[in-house]
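**Q** Here the numbering used here is used: the first residue of the sequence shown is 25, the next is one more, and so on.
I should point out that these hints are in silico values taken from the structure, not numbers from a laboratory. Please read these numbers as outputs of a predicted model, since none were measured by experiment. Any given hint could be a false lead.
To be verified - Pair by pair, the computed Cβ-Cβ distance ranges are:
hint, residue 1, residue 2, range
1, Thr282, Pro189, 15 to 25 Å
2, Lys274, Glu55, 17 to 27 Å
3, Asp65, Asn205, 13 to 23 Å
4, Gly206, Thr227, 35 to 45 Å
5, Val295, Gln224, 35 to 45 Å
6, Asn50, His314, 10 to 20 Å
7, Lys26, Lys200, 11 to 21 Å
For glycine and all other residues, C-beta sits at the position ideal for the given N, C-alpha and C.
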Amino acid sequence: MKKYHVYGLGNALVDLEFEVEDGFLNLMQIEKGVMTLVDEDAQHRLMTHLDAFEGNRASGGSAANTLIAVGAMGGSAYYSCKVADDDLGHFYLHDLQQAGVDTNIDGTHADGITGKCLVMVTPDAERTMHTFLGISSELSVNEISDDHIMASEYLYMEGYLVTSPSAKEANIHARKIAERNGVKTAFTFSDPAIVEHFHQELTETIGDGIDLLFCNESEALHYTGKDSIEGAIEVIKTFAKNFAITLGSKGAVVYDGTRTHAIAPFPIKAVDTNGAGDMFAGAYLYGITHGYAVADAGKLASLASSHVVRQFGPRLPVADYAKLLDEVSAA
Numbered sequence: 025m026k027k028y029h030v031y032g033l034g035n036a037l038v039d040l041e042f043e044v045e046d047g048f049l050n051l052m053q054i055e056k057g058v059m060t061l062v063d064e065d066a067q068h069r070l071m072t073h074l075d076a077f078e079g080n081r082a083s084g085g086s087a088a089n090t091l092i093a094v095g096a097m098g099g100s101a102y103y104s105c106k107v108a109d110d111d112l113g114h115f116y117l118h119d120l121q122q123a124g125v126d127t128n129i130d131g132t133h134a135d136g137i138t139g140k141c142l143v144m145v146t147p148d149a150e151r152t153m154h155t156f157l158g159i160s161s162e163l164s165v166n167e168i169s170d171d172h173i174m175a176s177e178y179l180y181m182e183g184y185l186v187t188s189p190s191a192k193e194a195n196i197h198a199r200k201i202a203e204r205n206g207v208k209t210a211f212t213f214s215d216p217a218i219v220e221h222f223h224q225e226l227t228e229t230i231g232d233g234i235d236l237l238f239c240n241e242s243e244a245l246h247y248t249g250k251d252s253i254e255g256a257i258e259v260i261k262t263f264a265k266n267f268a269i270t271l272g273s274k275g276a277v278v279y280d281g282t283r284t285h286a287i288a289p290f291p292i293k294a295v296d297t298n299g300a301g302d303m304f305a306g307a308y309l310y311g312i313t314h315g316y317a318v319a320d321a322g323k324l325a326s327l328a329s330s331h332v333v334r335q336f337g338p339r340l341p342v343a344d345y346a347k348l349l350d351e352v353s354a355a
C-alpha cells in the first residue's frame, strides 16, 4: 500500500476574494470569467479599487484546493509548491498543515513574494481572477520529490503551471517519474484561458498520454477544437485513459476506460463558483483511491462541488468534508 493517495504540484497562491458587480469589471476593463496573469504593479492598482469591498482570505491554488479536499475527506496527500518568507507564505503553510497535507515546505522559506490571486465574484456566481504568481512562478524540479511521487497512487498535475517554463518542466519531470514507477497520472486543464493561450504547452505536458484528465466543457471544446461535447470526448479518448468533464448545471460525464457515465447534478443556487472544479477533482480522486466505482466517485464529486458553490470561498470548513461521505451514501 502506498503512503499517499495523491501527490500534487501547483501554484501556491493566497486567494483574496471580493463580491463585485458586473459594472466593476466593465469599469476596470477586466474580461469576465477567466484567469488573467498580471504583474505585481497591476495587481496592486486593482487592489486599491477592491479595498472598498469586503474581502475574504484563504490559501489556494487549484491543486492545493484539490489535495486539501482529498486530505480532509480522510485520504493522504502531499503537495509540492513554493512560497516566500512573508506573512502570506507562513499563512499558506499553516493552512496546509491544518488540513493534514504534507508538503515540501519544511519551514525554510525563500526570499521573495508569495503569489496572490484576486478573485472577483459577480452576482451570477461567476468568478474572475487576476493572478500575480510571485515566487510560485519559480517553481521548478527543485521542489519535486521523486521519492514522494513513487510513494503515491496518483500524481496530480495542474494546468496553470504551463505558464512558467520552469514549472512546466516540473510537471513533465514529475510525469516521467510517475510513468517509470507505475504511478498513475492525473492532469487538470485548469482554465479556458490556459487552454486557449497555452495549447502547445499543455500537449507537451500530456506527452504520450495520461491516466486521468479533469476539465470542464469549455476547456474540452477549446482543446479538441470540436463544437460538441460528444466530438470532444472522442478526441480526449485518444490521450486520456479515463476522464471527468464537468458540465456546470448539467452535471458531469466520466469515462472509465470502457464506457461513459452521466453524472446528475445536485440542484442548488450557486453563490460562488470559485473552487468548484478543484473540489470535483479532489472528491473524485478520493473516491477512486478508496474503492468507489467510477460512477460513484462522480456522484461524490458532484455532491461535493455543489456544496462549495453554495458558499463564498473555494473550500469548505475542514470538518465539513467528512460529512459529504455520509451524505452521498444517503442520497
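**Q** Taking the beta carbons of Thr282 and Pro189, is their distance inside 15 to 25 Å?
**A** Check failed, 38 Å falls outside 15 to 25 Å.
**Q** Could you check the hint for me, namely that Lys26 and Lys200 are 11 to 21 Å apart, CB to CB?
**A** holds, 18 Å
**Q** Does the hinted range 35 to 45 Å hold for Gly206 and Thr227 at CB?
**A** violated, 24 Å
**Q** Take a look at whether the Cβ-Cβ distance between Asn50 and His314 falls inside 10 to 20 Å.
**A** Roughly 45 Å apart at Cβ, these two residues miss the hinted range, so it is violated.
**Q** Between Asp65 and Asn205, does the beta-carbon spacing fit 13 to 23 Å?
**A** violated, 43 Å
**Q** Using the C-beta atoms of Lys274 and Glu55, is the stated range 17 to 27 Å upheld?
**A** Given a distance of about 24 Å, which is inside 17 to 27 Å, the answer is holds.
**Q** Per the hint of 35 to 45 Å, is the separation of the Cβ atoms of Val295 and Gln224 within bounds?
**A** About 36 Å separates the Cβ atoms of Val295 and Gln224, which means 35 to 45 Å holds.
Violation of the numbered hints given earlier is confined to hints 1, 3, 4, 6; the remaining hints are satisfied by the structure.
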